[in-house]
Amino acid sequence: MLAKRIIPCLDVKDNRVVKGVNFLNLRDAGDPVELGARYSDTGADELVFLDITATIRSRRTIVELVKRVAENVFIPFTVGGGISQVDQIDELLRSGAEKVSINTAAVQNPALIAESAKRFGSQCVVLAIDARRSKTRPGHWQVCVKAGTEPTDIDVVEWARQGQDRGAGEILLTSMDADGTCAGYDNELNRAVHDAVTIPVIASGGAGQLDHLYDAIVVGHADAVLMASITHFGDYTIRQMKEYLAGRGLPMNL
Amino acid sequence: MVIDYNVGNVESVCKAFKHIGCQVTLSRHPADIERAEGLVLPGVAAFGYAIQALGDAAGPVRQAALAGKPLLGICVGYQLLFDSSSEYGEHRGLGLVSGQVVPIPAGRVIPHMGWNRVDLPKDMGLFAGLGDARYFYFAHSFYARITDPLARTAHSDYGFSLPAAVQKGTIYGTQFHPEKSSHQGLAVLRNFHEICKQS
Numbered sequence: 001m002l003a004k005r006i007i008p009c010l011d012v013k014d015n016r017v018v019k020g021v022n023f024l025n026l027r028d029a030g031d032p033v034e035l036g037a038r039y040s041d042t043g044a045d046e047l048v049f050l051d052i053t054a055t056i057r058s059r060r061t062i063v064e065l066v067k068r069v070a071e072n073v074f075i076p077f078t079v080g081g082g083i084s085q086v087d088q089i090d091e092l093l094r095s096g097a098e099k100v101s102i103n104t105a106a107v108q109n110p111a112l113i114a115e116s117a118k119r120f121g122s123q124c125v126v127l128a129i130d131a132r133r134s135k136t137r138p139g140h141w142q143v144c145v146k147a148g149t150e151p152t153d154i155d156v157v158e159w160a161r162q163g164q165d166r167g168a169g170e171i172l173l174t175s176m177d178a179d180g181t182c183a184g185y186d187n188e189l190n191r192a193v194h195d196a197v198t199i200p201v202i203a204s205g206g207a208g209q210l211d212h213l214y215d216a217i218v219v220g221h222a223d224a225v226l227m228a229s230i231t232h233f234g235d236y237t238i239r240q241m242k243e244y245l246a247g248r249g250l251p252m253n254l
Numbered sequence: 001m002v003i004d005y006n007v008g009n010v011e012s013v014c015k016a017f018k019h020i021g022c023q024v025t026l027s028r029h030p031a032d033i034e035r036a037e038g039l040v041l042p043g044v045a046a047f048g049y050a051i052q053a054l055g056d057a058a059g060p061v062r063q064a065a066l067a068g069k070p071l072l073g074i075c076v077g078y079q080l081l082f083d084s085s086s087e088y089g090e091h092r093g094l095g096l097v098s099g100q101v102v103p104i105p106a107g108r109v110i111p112h113m114g115w116n117r118v119d120l121p122k123d124m125g126l127f128a129g130l131g132d133a134r135y136f137y138f139a140h141s142f143y144a145r146i147t148d149p150l151a152r153t154a155h156s157d158y159g160f161s162l163p164a165a166v167q168k169g170t171i172y173g174t175q176f177h178p179e180k181s182s183h184q185g186l187a188v189l190r191n192f193h194e195i196c197k198q199s
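Same order as they appear, the protein sequences are chains Y and F.
For what it's worth, the numbering used here labels the leading residue of the first sequence as 1, then goes sequentially.
For what it's worth, the numbering used here labels the leading residue of the second sequence as 1, then goes sequentially.
Hints are supplied without guarantee of correctness; some may be wrong.
Unchecked claim - Listed below are the simulated DSSO-like cross-link pairs for lysine-lysine, each with C-alpha atoms no more than 27 Å apart in a straight line:
#, chain 1, residue 1, chain 2, residue 2
1, F, K122, F, K168
2, Y, K67, F, K18
3, Y, K135, Y, K13
4, Y, K67, F, K69
5, Y, K118, Y, K135
6, F, K69, F, K122
Claimed, not checked - Computed, partial: chain F to chain Y, Cβ under 7 Å:
#, residue
7, Y88
8, A133
9, S182
10, C196
11, K197
Unchecked claim - Stretches of chain F that chain Y covers, calculated by requiring three or more beta carbons in the stretch to come under 8 Å of a beta carbon on chain Y:
#, segment
12, 14-25
13, 114-125
These aren't lab readings, by the way, just hints derived from the structure by calculation.
Every residue gets a Cβ at the ideal spot worked out from N, C-alpha and C, and that includes glycine.
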């Protein structure tokens, strides 16, 4: 049986790890190379690196930074943010990433998912979805793009299903409503997406307490939990999270 | 020495060996293969592509392994150790260990991707000092059905008993990625390095 995964996430802006609340009010959380090495060394199951500046001008520096982070990372490493072309994916995979996550570009050009999956394999392609609860349709979420700044009228569950059909190997599902609040994951969202697809769902946004992680897996049916604030600012170590979850009967890589 | 052919994860494997203090040469030349203490065959690719990319390095690698030079195959590099594969057509492997590479049976999520627990037999040198069972990182859709009576194997449970590693003499292979399996993965590489130094 596969272990449930604990995945720290580095949101990187101007070569620093930052973390905000609901995608706003960013706080500095450290050096990405140092944090990446620390997480790899202290038992994280994977590492996610999201370039949240992602302007064309910054691409070159990001590739260099990814290489430096990868140098000390001996766990699977996913890189995302501003990826819109297959050649960029190739470059990132050759720079030490195992997987890439695609968000806005997949919405603008859904063929990119199939194209990347065909060239690199589905296991390399993570579809990242930023989800916001719909104000007009209860029990539905809308896909937001451009770092959450632009809502679309695409339904999250429908988009996740389509992403899987087009070849995505995993869904990285971020609740914008919960992100950075430390008040718990949106497990209604996690479960709705999980029930619609067979590929793994990584729950993201809202972790603040250990039982939030447990609930995302048991109530939200997530295969993996992603977190930032809770671990960057020293509330809990990766080991504490894993021991807690293993103690409650979940299969963990300890 | 890590065999250089155009497949994914070659760099990650080199990086991990360097991290544990091992001197790494990335090459595919017969003279380097001859000189090396041990050989590593990495690989993230489809089987047919990988065996083709290995090309004329296949002969020297095979001969060195048969002559007792330690060889470690990783993921597709591990699958290449066997007789054949049915991934996108029928392909012949290196035939160093008897067995066939076949699709993971339906009825579970494929690819098998993530951390799975491997039961570690006491008599496999790669796992020295690692205890009875550890989690390792897997990412694959095909697996090796091992038929070699001389092969020792380690298994993982994925709704069936999934071979996760093999050893036949000084030929070793892991279906999982030690270079991406945290401390326990680096320990496997360290064990292989020790084996190379001793032989």
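Numbers of unmet hints, in rising order: Hints 3, 4, 5, 7, 8, 10, 11 not satisfied by this model.
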